[in-house]
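The chain contents come next:
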Amino acid sequence: MLASFLLLSWISSISALYFHIGETEKKCFIEEIPDETMVIGKYRTQLWDKQSGSFLPATPGLGMHVEIKDPDTKIILSRQYGSDGRFTFTSHTPGEHQICLHSNSTKMALFAGGKLRVHLDIQVGEHTNNYPEIAAKDKLTELQLRVRQLLDQVEQIQKEQNYQRYREERFRMTSESTNQRVLWWSITQTLILIITGIWQMKHLKSFFEAKKLV
Amino acid sequence: MTPVRRFLCAWLVSLPLAWDSCGVQAAFSQAMDSDFTLNLPAGRKECFYQTMKRDASMEIEYQVLDGAGLDVDFSIFSPSGQLLFNDQRKSDGVHTVETEDGDYMFCFDNTFSTVSDKLVFFELILDNMDTDEDPENWKEYVHGIDTLDMKLEDIMDTINNVKARLSKSVQIQTLLRAFEARDRNIQESNFERVNFWSVVNLVVMVMVSGVQVYLVRSLFEDKKKIRT
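Same order as they appear, the protein sequences are chains A and B. So the first sequence is numbered by this note's numbering: it starts at 9 and just counts up by one. So the second sequence is numbered by this note's numbering: it starts at 165 and just counts up by one.
Keep in mind the hints are simulated off the structure, nothing from the lab. Each hint should be verified, as a subset may be incorrect.
Said to hold, decoys possible - Listed below are the simulated DSS-like cross-link pairs for lysine-lysine, each with C-alpha atoms no more than 30 Å apart in a straight line:
hint : chain 1 : residue 1 : chain 2 : residue 2
1    : A       : K34       : B       : K209
2    : A       : K123      : B       : K332
3    : B       : K327      : A       : K147
4    : B       : K209      : A       : K35
5    : A       : K77       : B       : K209
6    : A       : K167      : A       : K77
7    : B       : K254      : B       : K315
8    : B       : K209      : B       : K254
9    : A       : K147      : A       : K77
10   : A       : K167      : A       : K50
11   : B       : K217      : A       : K50
12   : B       : K327      : A       : K35
13   : B       : K217      : B       : K332
14   : A       : K123      : A       : K145
15   : B       : K209      : A       : K82
16   : A       : K35       : A       : K167
17   : A       : K34       : B       : K327
18   : B       : K327      : A       : K145
19   : A       : K35       : B       : K217
20   : A       : K210      : A       : K145
21   : A       : K123      : B       : K327
22   : B       : K327      : A       : K50
23   : B       : K209      : A       : K58
24   : A       : K167      : B       : K327
25   : B       : K332      : A       : K167
26   : A       : K82       : A       : K34
Said to hold, decoys possible - One side only, chain B facing chain A, incomplete, derived with CB under 8 Å:
hint : residue
27   : L288
28   : I289
29   : K315
30   : L316
31   : F343
Glycine included, C-beta positions come from ideal geometry on N, C-alpha and C.
Turn these sequences into a full structure, and let the hints guide you.
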């Protein structure tokens, strides 16, 4: 009992966000990120067991299918992972990427009454760096390592700021275009009304004159 | 793995809290700040759960980025099922909870809307989750001898300070990004509305003027055909 508790606590998360999905349900998250940014997603699944009334680790056959779309809705990752998985991708265009998860259960939607508990953690940018590894590879002292981490953090902030500038430019273009269109349309509408009025009057006048009423 | 590390791992497996070499590589652990953006379909309620320890604090900040009305219902439940906060039809909000042990549940509710999906962004900021040592314990990986230990401590303090401030900058940046996304979505829907209704307006005007002329003309049609 103690051994299994210890084992579970070693494997299990200390503080992870989790949510429930049906067996055939698809859950999507949107990440708005600058370009050349690495994203690492980690998840862990548990299956609802009716007999014990609790969530148990999922059977080995039940995995999750991860699908990631870039801002142009092109699929950049579409893979199946086991019940515990880790997926990673690097963005090449800035914008809204969509990360979708669904289990690879083959049951029909009506009969799949199972519930899955999915623990999910998505880390973006400099949070993905593995500092112990970097320290070992570049042979850094602790001071150098901490300064390196600060540099990475600042670099990420800078990237995000550049991305924001690009976004704001698009936003401004949309606003200005709307503004222009409103102005042009009002002028056009007024002109059309005036022209239509004049045409109507002329046409009806000639019509009445033809009918010898005027 | 070297034998030393293997032994370390074996020893550390027996510790429930695994914030160490093996832990970082093998155990599943969540970063202290995480944000998610998701699409909440019309008429749906989505709930998320977060495991917390006692005497930690959890801050949740959410915003509705897109979707007619830009509002959503939000509620937080404590591990014992007690309702802590309940926001009705708000477009953004922030709540801080001093936590006890257990799983906190927070839900976004879009059941009041029958047609429009909502794009909801939320950010979780956790504090004091680690009751023991500094999580970034890289000491065993670094090389070199640090002389002048006293001065090093000062430098370390400064670096930690800078790091904390940079983290705050990142948080604010995330917030600003969410605001900008919301404003952008509003503008884009403005743009589409202007386009659509202008075209409709044009079509209606032309049709109405045509119909008017036709009707007036038809009033003066040759009545002789009717009278006989």
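Hints, one by one, checked against the model:
no.	hint	in the structure
1	A/K34 <-> B/K209	15 Å, holds
2	A/K123 <-> B/K332	37 Å, violated
3	B/K327 <-> A/K147	22 Å, holds
4	B/K209 <-> A/K35	13 Å, holds
5	A/K77 <-> B/K209	24 Å, holds
6	A/K167 <-> A/K77	21 Å, holds
7	B/K254 <-> B/K315	51 Å, violated
8	B/K209 <-> B/K254	15 Å, holds
9	A/K147 <-> A/K77	37 Å, violated
10	A/K167 <-> A/K50	24 Å, holds
11	B/K217 <-> A/K50	21 Å, holds
12	B/K327 <-> A/K35	34 Å, violated
13	B/K217 <-> B/K332	23 Å, holds
14	A/K123 <-> A/K145	43 Å, violated
15	B/K209 <-> A/K82	29 Å, holds
16	A/K35 <-> A/K167	28 Å, holds
17	A/K34 <-> B/K327	37 Å, violated
18	B/K327 <-> A/K145	23 Å, holds
19	A/K35 <-> B/K217	27 Å, holds
20	A/K210 <-> A/K145	87 Å, violated
21	A/K123 <-> B/K327	41 Å, violated
22	B/K327 <-> A/K50	25 Å, holds
23	B/K209 <-> A/K58	23 Å, holds
24	A/K167 <-> B/K327	17 Å, holds
25	B/K332 <-> A/K167	16 Å, holds
26	A/K82 <-> A/K34	18 Å, holds
27	L288	7 Å, holds
28	I289	12 Å, violated
29	K315	10 Å, violated
30	L316	7 Å, holds
31	F343	11 Å, violated
Figure legend: structure checked against the earlier numbered hints; hints not met, in rising order: 2, 7, 9, 12, 14, 17, 20, 21, 28, 29 and 31.
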